[in-house]
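Enquirer: Following the hints, put chain B in place on chain A, whose structure we already have.
These protein sequence lines are chains A and B, in that order.
For the first sequence, position 127 matches number 127 in the UniProt record's numbering, and the numbering has no gaps at all.
For the second sequence, position 238 matches number 238 in the UniProt record's numbering, and the numbering has no gaps at all.
Keep in mind that the hints were calculated from the coordinates and are not lab data.
Note that CB positions come from ideal geometry on N, CA and C, so glycine has one too.
One thing to keep in mind: the hints can contain errors.
[What the hints assert, rightly or not] If the Cβ cut is set under 10 Å, some of the chain B residues that face chain A in the computed set are:
| hint | residue |
| --- | --- |
| 1 | ALA52 |
| 2 | ARG58 |
| 3 | GLU61 |
| 4 | GLU116 |
| 5 | ALA117 |
| 6 | GLY120 |
| 7 | VAL125 |
| 8 | GLY211 |
| 9 | GLY212 |
| 10 | GLN368 |
| 11 | SER372 |
Listed here are the chains, written in short residue letters.
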Amino acid sequence: MTPDPLLAAIIAGDARAVVLLLRGWTEAQRRERAPALLALERATDDPLKLLDDAGRPHEVGWDDRERYDRAYAQRRALEVALVGTASLAEQRALAEPFPAWLDVQRAAQVVFDRDPPWLADWTAWQLRSEGPEGRWPLVHLQVRAGLIKRPRDYLDGLLGAFPWFDARDLLEDDPELLEHDVWALLCHHDGQESLRAAQDRGAHWREALIAQLDRERLIDATLEALGSDLSAHRAAFFTGLWRELAVTNAERAARHDQLRGLLGVAAANVLTLALDELTRDPRPVAPPELAPALAARAKRTARGALKLLDRAPDAATATIALGHPDADVQAQALDRLERWGLTDAARDALLRQLDLLSATQRPRAEALLGVASPRSRPDPVELDLDTIPEAIRRALNFGGAVPRAPVPGEPVLGEPIEPIASLDELADVLATTLSEPWRGDERLLDGVLRFCDRPFDGPLRPFHERILDLEHWFFSPVTVAAVWATGFVTRAPDEHGSPWELRLYEASQRVVRGEARPLLSLPTHAGGWIEPRVLLDRMHEDPDPIDLAQALLRLAPEGRDHALRRVRRHTKRGPAAEAARAAREPDRFAVEVVYDDAEPLNQRVKVLIDGPRVKHDGPLAEYVDTQRRRWSGAPVWSVWPERRDIACACALPELLQNLESGSGRDTDVGVLLEALLDQPLPPLALRLLVQALGSAYDREHIAAVDVLIAGIQDGRVDATALPPDDLARIKPNRLAARLQTVADGGPLQRAVVRDFLDAHVAAVPERPAALLVLFDELSAQTGVGPQRSRAYLETLSGTSKAAKAAKALLARAGEPPPVEAELALAARVRRAQRWMG
Amino acid sequence: MIEHAYTYAHPSTATADALDLATSGGVAAHPHLFRGELNDPAIHASAILAVARTARARFFEHGKVITDPVVTCHADRIRFEALSSCAGVYARHDALLSGADGEVLRVGVTNVDVNEATRGVLARVGGTGWLHLAVGEDEVQVAGPGGVAVERKVALPTRWVKGFGEVGVASRALQPGFELSGVAAQRFLRTSVPRTREVFLMPGGRWSVAGGAGAVAVRDPERLKLLEPLARFGSALRVWGGPTGVSAFTLTLGTAGTFTLVLSPASSRGFSGEGGSLNPLATEALQPQADDAELDLAWQPKLAGDPAVLDVLAARGRAGFDLDAGGFFHRDLPYDLTQVEALHPRLLAARKLVPEVRWEGDHAWVGQYRVSPPACTCEWWGRYRGERGPCKHVLAAELARDA
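This is chain A alone, in the form it adopts within the complex (with noise of 0.2 Å):
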C-alpha cells in the first residue's frame, strides 16, 4: 500500500477524496506533483491499465468487467487530480479520451479551489468537448467564478446533470449552492427539467434536501410548491418529500391554513395528501372547501372528503360525491344524507343526481325524496320471425343458446374491397405509401402488378425519381414497383425469408417479365376473405405458388370446394398443394391452449398446432408452424380466415404480460381484435375477447369491448359463449371496469354481463369484491335475483366488500324479464338478415 494519499486515493479510484486532498495546496505544491501524475498517466494509458496497490500498472482486458471497472475509476480520479496540478498546456497535450472521461464535477471542483488564471479558457474547451455527464459543473463553475451571469437554463441544467451526481454530494461539496440555487429550485416549476424528474433517475433530491435544509423553511416550501398548480407528475417529488419529511403534529397544526388551500389544487396526488394531513388535524375544514375533492376521481379522495365533512355537516356539499359513478361513493354519501337530512339545496342537487345514481343506492334515494319511479325496463321488441327461413332459424339455433362459431352456411364475407383500378388510382395510392415505403398493403401490390405491362409514366413519373432513391433493405409492395420502375430486381431473400417476402419477391420476377396479372390473394371483402368466384376470375395458366396459396387459404367457404376443384391442377405439389388441402379441410389442425403458471410469463403459454405436416415454406407453414414464424409472435390475422382461431390462440401468450403489467405495451392483438368486429368469433377468439378485457394496453381493451358490445348486439356472442378459462388471470378490478362499459353498451349487453358474471364469478380465485358489486349493480338494474351462483355467494362471509355485495345479491330474487329473451332473439334476427343479404 503507497503511504502517498494522493497517488492512494488514485488507486482507490475515489475522485471525491482527490478533491478533500488537493483543496488548500499552493500552485507551487500542485506543479510540484504534475509530473509524476502525467507520467502515471502516459503509464496507464492506450490501453487503459489497473494500478495495483502499489501503484504498478497492469494490463486489463475489457472482458474482465470488475478490472475494468476498477481502471476506469482510477482513471477518472488522476484526471481529475491532472486538472488539480498539470498547466492547461499539459491538460492540452494529454490523449483524446482524456476530456470525454473527465468527471466533470470533481474536476469543477478541483479547478474552482486552484482558481488558475486559465480557468476561463478551461472552461472554455471543457465546454467544447462532448462529455458524457452533461456540463453543468462547468457552467456552475463559471458562474461561482463570476465569468458568466446564471443563463436561463441554469436550474434545469443542474437537474439534468443527473444521474452522474448524487445531489447528497453535491450539496455536502459546495454548500453555496444552499444560499440560492437550491432554494431557486424548489419553486422551478415551468423548466424542461424537473426535480421529480432528477428523483426518479435516482439523484437523491430529496434526501439531500432534508438532510441540508432548514426543516421549518423547506416544510413551509413544500407547501408553496405543492400549492402552485402543478402537474400530478411534478408534485409527486414534493408529496414524497412531504412523507419523508414525518411532518409533526405541531408542524401540521401550524400549517392548517395552507394545507387546507391544497384542497383546490388540481392535481390529484396533493388533493389526496391535503386530505390526509387534514384528516390527522381535528379541526373542522369548511364544506366548500372539500367540493373540489369531493368531487374527485379517486374513491380514496372522496371518501376522505366525507370523512372531513362530518366535522361541518352539510348535506348539499355531501351531494357532490353522489356524482361518483362507485356506488360505494354514492352509499356513504347518502350515509350522510339519511343522518343529516335534505336541506332543500341538498334535495335539488339530489334530484338532479337521481338518473345516474347506482341502481343499487337509486331506492335509498328516492326514500329519502319521498319519490318512487318505477325501474326502467327496455321497450318490448316487435319481431318478425316468418321472413326467416327455417334452415337459418336452426342453424343460429334461435330462442337457445348462441351457437358455436363458424356456423355452416353463414356468409363471411364483410364489406367488398374494391381493387385499384386506373393508374391515377395508383399514383394516389402510391403517393400515400411512400412516406413510409417499408409498409404497403396488398392493394397497392396488386395494383402494381395489374399494370406493370405499361410503362412507368404518366400520372407515376413524379415518383420516378424518388422510387429510384430507395433504400433497399426492406420488401415491400413500393419495392415492387421500383422494380417496375428500373426493370430489374435488386436482391432476392435469404434463407430467412418470411412468405410475404417471397410473395414480394414472386411479385418482382413477374413486373421483370411484364406480365400485368391481378394479384390472386388480394382479399375481395373485409375480414381478408377471397370470393371463390373471383379467383376463379383472376387465375391463369402461371399462378405464382406462393400467392396462389395465400388466396385459396383465404377462399370463403360458399363455393370454395367449386374453387379448388378448377384449380386444381396448380395445386398438385408445393405450398398451393398444401393450402388446398387445407382449405378444403381445416379442420384437420387442432388447436390447444395450455397454460402452466408455473412456468415464467414468457413461457406460460404453450399453443399446440396439430394437423398435416406442413413441408414447404409459404403462408400456410408459417401460420401453424410456431417455429417457423420468425417476426413476431402471433401470425397475421388475414392469412388464413377460416381458421382465425389459430391467430386468436397464437395471440394469448402476446396479451399475458399486458395482463399483469400496469401500464401495457403494443403487442399487435388490437389489430386481431379490431378484424373480429363484423366476423364470426369461434370459441378462442372470445377467449382471447376475455382475455382483453383484462389487458392494461388500452387499445386492447378497448377494442374487445368494441367487438363484444357488437357481437352481443349482432347475436355472435351471448352469456354461454363466452369462456371463463381465463378469469383467474385478469385482475378482478380491470374486468369489472371493462364489463361495465360493455354492459352500459345497452339492455341486451348489461343481461349478457349480468348472466356472464352469474354463471362464472365462482371461478374468480382472489379479491373477486369489484366483480361482485358490478353483478349487484346489473342484478338491481335488471331486477334480476342470482340463479347459477347461489351456493357460491353463500360460501362469502363476514364484512368483506365481497361479503356485503354476495349478501345483497342473495337478497335480490326475479326471473329475467321476457323482454330480454326477446332483445336475444332480435338479435339473432339480425345476424340471420346478415345471412339472408
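Expert: Same frame as chain A, now just chain B:
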C-alpha cells in the same frame, strides 16, 4: 421566432375573493379593460387556472415557452384564451358578464400575467360569493427603474402565434357531434382517458377504436385531462369533430360561461403546422374583402359576414371562433401581426413556385410534381392527404390559376 416582451407594471395578485390581473400590450400598453364582481368565483378561478395550465402544458417536446393568456373583453363577456406550449391544445374560458356587477371599461385585447403566486391563490378560491376581477388598473404604477415590475422577453415561437389563427379556421370547420348533459358530462370528464393515438368517442361517452354512428374521432385524448378540474362545474359537454382529426369540447359552466378545449390531430402536431389558414390567405379574391371587413371590426362578440372572408381574418390573427355561438368574434392577437404571411413558409414557398406552374387541363405540373387539386404527388400530400392543408405545389397551382 418572434421577439416579444411581456411587460407588466406590476405582477398580478390574487386573494380568496379578488383577482387583479396585470395587463400587457394589446389595445394599450397596460389597458384597463374590466373591473367588477363576478358570480361563481370558484368556477372562474378554476377556469382561468385551466387556461393558464394549458398555456404551460407540453404534450410534445418543444422548448420552454412563456405564453401568457390572451384576454379579450367584449361588452357581454371576457374571454381568456391560450395555446399550450406545444401548440397542440387550445383553451378558452368565456366568462359571461350577465349578472355580474361590473363595468367594461374598454373593449379590447391584452395579455395577462398569471404568475405562480397568482396561480397558487386561484387554486384556493372556492365556495360561494363573488370574485372581484380587475383586468388592468386605472393608474399604472411604475415599480422599477425600467418602468416595469415584470418584464419577460421571450422568443415567441411562430407556431404559437400562427396556431391561434389556425384554431379559428379549424374550429369553424368542425361539426357538432353529440352532447352529454349534467351529471353524465361530469362523470365522463372524471373517468380515465385512454392513452392511445387514435380513438373515437361514442355518443354516450364511451371510447371506441371502431367508431360508429355519431362517433367523434379524438386523437391523443389524454390531453382532455385539462378539463378534469372543471368537471364538477359542468352542466353540459358538447363534443365536436371533423374529417381533419381536430376535435373540440365545449363545457357549459352553468350560467358562468363556457370553457372550450380544441385538440389538434396529434400531440406531436401543433395547430401552427395544420395549414388550414393557407387557403384563406392564398385566395387572392378574398383579401380585398377581408381588408374591408377589417375596417368594421369593433370587438364584436359575434362577427357577421361571409365565413370565407372571416376565415381570412382568423388566419390573420384578428378573429377567434366561438363554437357554441357558431360564429367568429373579433380579437386582435396582442402581437405584431403585420408579418403573419411571413410566418407561413409554405405560402411563401408557393409564391416562389408560381412561375414554374404549367396547367394542362384538369391538372398542373409544378416542377416534377403533378397537381390535381387538392391532390399532389409530393411527399407532403402523400403523408397527410390534405389533413394539414394544401401543399406548396397545390397552393402555387391555385395562385397561378387565380393570377
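Enquirer: Per the CB criterion, is B/GLY211 less than 10 Å away from chain A?
Expert: Interface hint status for B/GLY211: holds (9 Å vs cutoff 10 Å).
Enquirer: Using 10 Å as the Cβ threshold, decide whether B/GLU116 counts as touching chain A.
Expert: B/GLU116 check passes; min Cβ-Cβ to chain A is 5 Å, inside 10 Å.
Enquirer: Is the interface hint for B/GLN368 satisfied, with its Cβ closer than 10 Å to some Cβ of chain A?
Expert: holds, 5 Å
Enquirer: With chain A as the partner, please determine if B/GLY212 meets the hint condition of a C-beta pair closer than 10 Å.
Expert: holds, 8 Å
Enquirer: Does the CB of B/VAL125 sit less than 10 Å away from some CB of chain A?
Expert: holds, 7 Å
Enquirer: Minimum Cβ distance from B/ALA117 to chain A below 10 Å?
Expert: Result: holds, 8 Å to nearest chain A Cβ.
Enquirer: If you take the shortest Cβ to Cβ gap from B/ALA52 to chain A, is it below 10 Å?
Expert: holds, 8 Å
Enquirer: Does the CB of B/ARG58 sit less than 10 Å away from some CB of chain A?
Expert: Hint holds; B/ARG58 Cβ to chain A Cβ min 9 Å, cut 10 Å.
Enquirer: Hint check: is the beta carbon of B/GLY120 less than 10 Å from a beta carbon of chain A?
Expert: OK, holds: B/GLY120 within 10 Å of chain A, min 4 Å.
Enquirer: Would the hint on B/GLU61 be counted as holding, given a Cβ-Cβ threshold of 10 Å to chain A?
Expert: Cβ of B/GLU61 sits 8 Å from chain A, so the hint holds.
Enquirer: Tell me if B/SER372 is really an interface residue toward chain A, meaning its C-beta lies closer than 10 Å to one of theirs.
Expert: Hint on B/SER372: holds, closest Cβ of chain A at ~8 Å, below 10 Å.
Violated hints are absent here; each numbered hint is respected by the structure.
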